[in-house]
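*Asks:* Sequence:
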Amino acid sequence: MATIDEIVEALVTPLTQCCLVNATVTGPSDQSEIFSTPLQGFPTNGNEFVVLSSGFASLTPGTAPTFVSENTGGPIVPAGDPLGSPDGQESLDVVTVRLQFLLPKDPGKLTFDWKFGTEENPQFVGQFADYFRADVFTSLGTENIALLPDGTPVTVTNAAPFSNMPNGSSMAPLPPFPTPNDVTYNAVTTEIYTAELDLSCYSCELITLQLRVADVIDRVFNSAAFLDNLRITGCEDPEPVKPICP
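Counting with the numbering used here, you get residues 107 to 352 for the letters of the sequence shown.
This list has only true hints and no planted wrong ones.
Per label pair, the in silico range of CB-to-CB distance:
1. 342 x 247: 21 to 27 angstroms
2. 232 x 126: 35 to 41 angstroms
3. 194 x 111: 31 to 37 angstroms
Computed list of lysine to aspartate or glutamate pairs in EDC-like fashion (alpha-carbon distance at most 20 angstroms, straight line):
4. 215 x 342
5. 211 x 311
6. 215 x 302
7. 215 x 311
8. 215 x 249
9. 211 x 302
10. 211 x 304
11. 215 x 304
12. 215 x 241
13. 211 x 342
It should be emphasised that the hints constitute simulated quantities derived from the structure, not laboratory data. We put the beta carbon where it would ideally sit given N, CA and C, even for glycine.
Given only the sequences and the hints, what does the whole structure look like? Please build it.
*Replies:* See below:
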């Protein structure tokens, strides 16, 4: 389990933390964890990274044949909520991290690195669409910037073509397993992706990034997002070079 201060320290680069004005995490504490041991190519910056899970995040290390399925009794987001399931279904065991930033005078891009893993694959692809999303709230609206290479939101079903494709069942998967085989999730996206949003038109504004992982339909057969290296260009400029808002 991880506190919000630990999540910020592991996820947000030190200079970008200077632009952070508020941070919260909601959901059972078991659903977030900080790791310093390398897993799936993480950390991508510094010595630690974050895992948000719809189950017990601490059970992430291991191997794919290890079946892990936990019901945390976490929050529910109703079906049809625009910040919930991309498929419009009810969300269960929801964990949410919200980070609010005051942008500098000349901001560039918001970026962070991510991967998605799940126990739902292979048996429940197309049925139980657990998800990860990253919504940015600005003066112009809200945008989910966690997208797969084909532009679709991150769900079990949408992520399957971009992950290893295990055989067998979700409880007893067979190769191919994730490479390296160092986590308990049957399927993990094969690449580390970088989410990004151009912030150049939001000079001196408050923006919020909301990171969310949830189960869909059932509270078991969990999924997770691996997260690191969150930075905002402009915040990264050291003082006294960083442009200051009036």
